[in-house]
Amino acid sequence: MSLNRRWNPILVARSLDLAYGSRKVIEHLDLEAYSGEVLAIVGPNGAGKTTLMRAISGSVEVGGGELACCGRSVSGGRLDVGDLISYAPAYPDVDPWLSAMDIVMSYRMGPRRPWASPSPGDVAAARATMDRMGIAALGRRRAAELSDGERKMVMLAAALSRRPEVLLLDEPLANLDLRNQSIAMAAIRAEAGRGALVIAASHELHLLGLYADRVLVLAGGRAVAVGPVDSILREDLLESAYGVSLRAERALVPSLGPDR
Amino acid sequence: MKGGVLHLLLPLFFALSVFLGPYGFIDPFSHGLGAFVIELRLLRALAASLVGVALAASGSGLQALLRNPLADPYILGVSSGAALGVLAAIAAGMIWPLEISLAALLGGLAALALVMAVSSALGLTSISMVLVGVAASYALSSIDMIIMMDLGPAVQGSLAWLFGTVAYALWNELAYAAPLMAAGAIWIFLRAGHLESLMLGDDVAESMGVRTRRLRIEVAVASALSTSAAVAVAGPVGFVGLVAPWLARLGSGGAFRRTYPLSLSLGAALTVAADLASRFVEPGGMAPLTSITALMGAPVLIYLLGRWRR
Amino acid sequence: MNAYSAQVSELYSAVSSLNRTAASQASAISSIASQQQSIQAQLSSLENSMKFPASAVDATGQQIVVYSMPTRVVSLMPSDTAILFAVGAGPQVVGVDEYSNWPPYLSALEANGTVKDVGSGWYPDPEVILSARPDIVFGVSSVPSNYALKQQFAAYGIPVVLLPDNTIEDVLQSIYTAGRLTGHTGTAQLLAENVTAELSYAEDSTVGLNRTSAALIVWPSPIWVAGNGTWEDQMITAAGGSNVFSNVSGWEPVDPEALLAARPQVIIYTAGHGQFNYTEFMSTLHQELGPAADSVPAIANGRVYAVTGEYNDWLTEPGPFVGEGAILLSVLLQPGAYGMNYTSIPHVVSPETLKLPVPASVPVISTPQYAPVVSSP
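Protein chains in written order, with my numbering: chain V, 578 to 837; chain A, 473 to 782; chain B, 2 to 378.
Simulated from the structure, these hints should not be mistaken for lab results.
Please note that the accuracy of each hint is not assured.
Here are some, though not all, of the chain B residues that point toward chain A, as calculated from beta-carbon distances under 10 Å [claimed, not checked]:
{"#": "1", "residue": "127"}
{"#": "2", "residue": "128"}
{"#": "3", "residue": "149"}
A virtual CB, placed ideally from N, CA and C, is assigned to each residue, including glycine.
Chain V with its partners taken away, still in its complex shape (with noise of 0.2 Å):
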């Protein structure tokens, strides 16, 4: 694992609130992540993970507290940062009638510019993220006759064709077999690498060590730990924070890209 470059924090969050109407989600949030990071975020369904990713990208609104992304901030109200960052869901809701060309492509255009057609840069780029991804063979196929996980891998690939500085990845991993989940991790150590902030929302905890930096644990809309992955991967703070009992065991994972 590479050390972290420490910049500004390129995401704050200053004792943040999220609602939805009367339900509380995210309760006095404090968070700094920064570029370069891998920052994976874990806690039990309805902990507030989505929530929290959904705020960020702009499609949730800020109740109380502050939010401020990519040098852009707001108090109540959403964050309008959707040039610069880049969404992919757990569970894509694509028109099954676009072929995962059409998707990267659509996402690397974003909504501007109604003429715009794709320039050879453009579709060069899309290219080379699903080669990256090793999908090109999916090029021309439907997203209704995809397979979950394909789907997935394709929706990673439009979000990382946008090159954007903040990514943000719901269940990154999730529905992968293990090949594509190793050429996920390295796609995704790729991208902060190169200078992004990634913030991955997880469930498979035996993998963080590979890909992630730091983690936060949310439990109960509120942050109950965040701190580089060892100092995470302990039973008694997971036990809590997901109601559980756990216990170490030797599992199979993946290598950090297919080719090692």
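Following the hints, put chains A and B in place on chain V, whose structure we already have.
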């Protein structure tokens, strides 16, 4: 199949529409009655093109917006509302074409306003818009039936309108309807990027900066504007709005920005071709435009689906 | 006027002088015949120049001006066709709609190409109508598509005359308008007087009698009746009857219960030209009215009449036969006025099954002569 080639269908059918008809082939430079017939054919072809563009724009926009591949321009209740406007006008004694078409326009827009208001109370999601729209269509259609039973022989006259026809288009109708149809289509074009993002999922679109709630209102209003104006000119022509986006998608593929202009062109081509055919299928009586567009469009759609399958 | 009468007498004397020499010069007969023809042509062009330009107001209130005698008239409705032929404009007609069927020789004219079938009058195709190259078109005011046609054709100077077609007054007005615009004011005046005389005959025959309550059904299922504001309603009144559905406006569908409650003494059904016959109509009525059907006096007494053939058109078209239609209704409604018993009237009423007791003093509309147009030079 290159999308570019498909764009040639419109000028082809347009030209055929001007040169062919029950009157016979006419030298375009002739004077007198021949010139009048040419002008009538031009008017018809122009009206058909505009209606085709408007309905294709509306259908494309709504299919993307509502994430529903079976959405057509009337899914939000516009055609039933327009029909209600027409029947109310006839019941009130109006009979001149311009008045009737204005009533259709207002009826369509009023229906949309109703649907948006109700579905806004339900959260203004794609699902709520579709459900409220379908419910409104049924409700308004039943009111239409009741009024039709009441109107007597005037109903027979309005039946031609209900099946859709551009045979009675007038220049003064096009004068006010064309800008509205164009405005709706252009508005949706300006949101093409947003709609393309919306097809990646609400969350993803929001993360890219698309305000989905505002987008829903804008595209619904733009679509209603186009559709109401089209219905005001030609009556509720069915099928074009549903099938043109599909023909574009299957014919050339690609995401929304690429298929949208092609669906407008194909929608216009289909409507002009159907109008041309209707003049020969039942010369002297109006063959309903809706039926002919369906008869022509469905086989093409099935053929394209079959090709895509392989 | 003097110049014209001078010309006329000049022409007449030329004719008489020709007649004198013909007896002695047999070889000059053919040249005489052609000269006679050209004289006739000049006479009719004179006639035209006296009658035209003619103007009239149609049902939309718009004034229509015709500058010379129209020679290519297209009619979009059977009632218009009947009126045009009855005022003598038949030879000028070059196109009729698909449902026009009077006069009887109309189909022969269509067969030999003199008159073109221009298709539907309800949904007219502008191009097909134009292919008949009309110089004037006659439609009706109750059909919306005719209004669009009127506006479309106005751009090219082809007048589309929308004749009023709701009441008997409308029919008379249409006769005048059609006569005026086609150059047959004299015949139109005569026709209007004849129709009025027929109506008067029906009224006079039934004056003072107790009005028979009647329902006129135009369609059996659902039951459509003629209410007030229609020519059928006026014909019933002229014929000594009273329309049980005069509370209804125009032509409307009614519930079977309404028919039961109205208890008409006579039911008249316009059965068309053989589509729905009497037996089918009766069984449909029984189905709709249920077991209470026989409580309706008309059904109980067997005074239900299915009118077919030409008689049907008398009742269903706002045309020149409204007067004769009123006489027909008066026979059905007040047979006693004619010394007949209602039991002797057949259920299926057609020209074959029922001869109307009309004395010679009452004019009937006869089939007009057809003389081809002599076009003005």
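Hint check:
Against a cut-off of 10 Å between C-beta atoms, the interface hint on residue 127 (chain B) holds, since the closest Cβ of chain A lies about 6 Å away. A least Cβ separation of about 5 Å between residue 128 (chain B) and chain A falls short of the 10 Å threshold, and the interface hint therefore holds. Interface restraint check for residue 149 (chain B): the shortest CB-CB distance to chain A comes to about 4 Å, inside 10 Å, so the restraint holds.
Of the numbered hints given earlier, the model fails none.
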